[in-house]
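Kindly generate the complete structure, drawing on both the sequences and the hints.
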Amino acid sequence: MSTTVIDSKKAQQPAAQYSPLKEFWRNYKKKKVALIASVFIFLLIVIAFIGPYIAPYDPYEPNYDAILEGPSAAHFAGTDEYGRDIFSRLLVGTKISLTVSFSAVFLGLIAGTILGLISGYFGGRVDKVIMRCCDVFFSFPDLLLAIAIVAILGPGINNVIIAVMIFSVPSFARLVRGATLSAKENVYVEAAKSMGASHTRIIFKHIFPETISELIIFVTMRVGTAILAASGLSFLGLGASPETPEWGVMLSSGRDYLGTASHVVLMPGIAIFLTVLAFNLIGDGLRDVLDPKIKNS
Amino acid sequence: MLKFVVRRVIEIIPILIIVSMLTFLFIHLIPGDPARLVAGKDATMEEVENVRHELGLDKPIVVQYVDYMKKLVTGDLGTSLTTSLPVIDMFKSRFMPSIYLTFLSMIWATIIGLLIGVVSAVFKNKWPDYLGMVTAVSGISLPGFWLGLLLIQLFSVQLGWLPTGGIDSFKSYILPSLTLGAGIMSMIARFTRSSLLETMQADFIRTSRAKGLAERTVIFGHALRNSLISVVTIAGLQFGFLLGGSVVVETVFSFPGMGRLLIDSISFRDYPVIQSAILLFAVEFIIVNLIVDILYKVLNPKIQLNS
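Residue numbers (our numbering), protein chains in the order written: chain A, 1 to 297; chain B, 1001 to 1307.
Hints were generated in silico from the structure; no laboratory data involved. The beta carbon of each residue, even a glycine, is placed where N, CA and C say it ideally should be. Certain hints may be false.
[To be verified] Using 30 Å as the maximum straight-line C-alpha spacing, the simulated DSSO-like pairs for lysine-lysine come out as follows:
1) A/31 to B/1126
2) A/29 to B/1124
3) B/1124 to A/32
4) A/30 to B/1126
5) B/1003 to A/128
6) A/29 to B/1126
7) A/22 to A/184
8) A/32 to B/1126
9) B/1297 to A/128
10) A/31 to B/1124
11) A/30 to B/1124
[Said to hold, decoys possible] Cβ-Cβ distance ranges computed for the label pairs, FRET-style:
12) B/1083 to A/205: 54 to 64 Å
13) A/195 to B/1006: 39 to 49 Å
14) B/1203 to A/196: 44 to 54 Å
15) B/1134 to A/45: 19 to 29 Å
16) B/1202 to A/188: 29 to 39 Å
17) A/45 to B/1053: 48 to 58 Å
18) A/43 to B/1214: 48 to 58 Å
19) A/270 to B/1049: 49 to 59 Å
20) B/1062 to A/27: 50 to 60 Å
Okay, structure coming up:
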């Protein structure tokens, strides 16, 4: 006669709790390319913090004995037209490029999310006014709007942040509005309303969480766009000042030496390309994992 | 159909008016006294007051806007502060090269993007798909100004096949157009792939296969035809990306177009030119979006845009 032995300890344990975070991680770690891109961005963020301390040379100090030298053991990425070490400038520039793009997207995210939540939740005239304002901003191509804003405010890194933020706001507002419109139809929102919950509570406690997954995907993609826009503005001479080790500025100042010392252009270009590529790959991976349409297909 | 076109045209009028207000306010939004900015730092008070009177800045703002609109309607965009030429004359020589460049980029990007997207979808999860999608994601991530410089280095400096900049012949359009179209091509490729894969799941495709149609007929005759509508629309909506990108690309290639003129005007603080160039770009973008909307309706009458 067979007997079934029941582990009393296991039997007493409650069933494993469902955790959306665990489920996300289980799915995300299957996306190898996105995972590698995430590690790259993590390292980049670390470099942004420690870059100035580990840079082998002073990124601002000219060295007229080492002008336009190619990559070597002494200078991994070569030197620029003032003999400054390009590798050190790239390390220090990581912080500038990431700070500009992260702050612009973060500020755009906050403003756009609030406007989108208000527009989608209240509807009616408020919705119309906010969406028509967005339409006006959408009438200007992104980069041109940024150029116009910098033309008004004047060149400078802070004004680039403001410009990139402003052109991000309407996109965030429209995205969040769409998600809010579908989230407010949920029964639990109706229940919260009938229980007398305030608008603020309903918006932030019940509706906002529904928009998060779409926002995460969009933010990731948007950081890539912001890096391209900010470095583009700097390349055009509208962003950081010429001596700043910002990647777009480095590329711009190096273009006169393209024929004689192509590494001056190559290195900052690779840095921008790999960073934007990594953000786009993470965005793709997140969309595969978080977007319900793709996830269920 | 006519009703729809008329309604869409009427709908853009308030947007055009607000855009004109914003571009009108442009000169007033610049921190400091606009008359002082235009007259220059070293100008005397009398000179500043003369400029203020000439530009009509001493009138009430509503009157200034009405005057601005009156001039705009008659094609008077003001006078350049650097060349003293009418702004409209400066635009005449710059506008068409930019239009050619933009459309050339759009045409090749759409054709190649479609091709990559179809190949990727047909060979899903095989090496042509991986190659196509790596190309596409790289194309989206490439900074246009960097790609332009690399192309100059290869095709102009090393091989000597194509000019580094300016406009001499059709050859001058090749590198700027390749640079400008790379991003759009990548977006179209990605969108075509996903749209085609989605269409391939549809019932009518299953029916076509069940009828015993050749796979080629199923893909090109049925699936692609249905995906094409949304792909062409997406391509049209990306036009703004091209307009923005043209500013950077024209600067890299010293291409005498509208984008280059805008950047030069910003560095010379030539406000009347900046103001009108931005207005022109916005109007161009609004009109293209309108055409795309109408095309969408023409291509797919099932879709009700007002719903």
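Outcome of the hint check:
no. : hint                        : result
1   : A/31 to B/1126              : 17 Å, holds
2   : A/29 to B/1124              : 22 Å, holds
3   : B/1124 to A/32              : 18 Å, holds
4   : A/30 to B/1126              : 18 Å, holds
5   : B/1003 to A/128             : 23 Å, holds
6   : A/29 to B/1126              : 22 Å, holds
7   : A/22 to A/184               : 27 Å, holds
8   : A/32 to B/1126              : 17 Å, holds
9   : B/1297 to A/128             : 24 Å, holds
10  : A/31 to B/1124              : 17 Å, holds
11  : A/30 to B/1124              : 18 Å, holds
12  : B/1083 to A/205: 54 to 64 Å : 60 Å, holds
13  : A/195 to B/1006: 39 to 49 Å : 48 Å, holds
14  : B/1203 to A/196: 44 to 54 Å : 47 Å, holds
15  : B/1134 to A/45: 19 to 29 Å  : 25 Å, holds
16  : B/1202 to A/188: 29 to 39 Å : 34 Å, holds
17  : A/45 to B/1053: 48 to 58 Å  : 55 Å, holds
18  : A/43 to B/1214: 48 to 58 Å  : 50 Å, holds
19  : A/270 to B/1049: 49 to 59 Å : 54 Å, holds
20  : B/1062 to A/27: 50 to 60 Å  : 58 Å, holds
Hint compliance for this structure: every hint is met.
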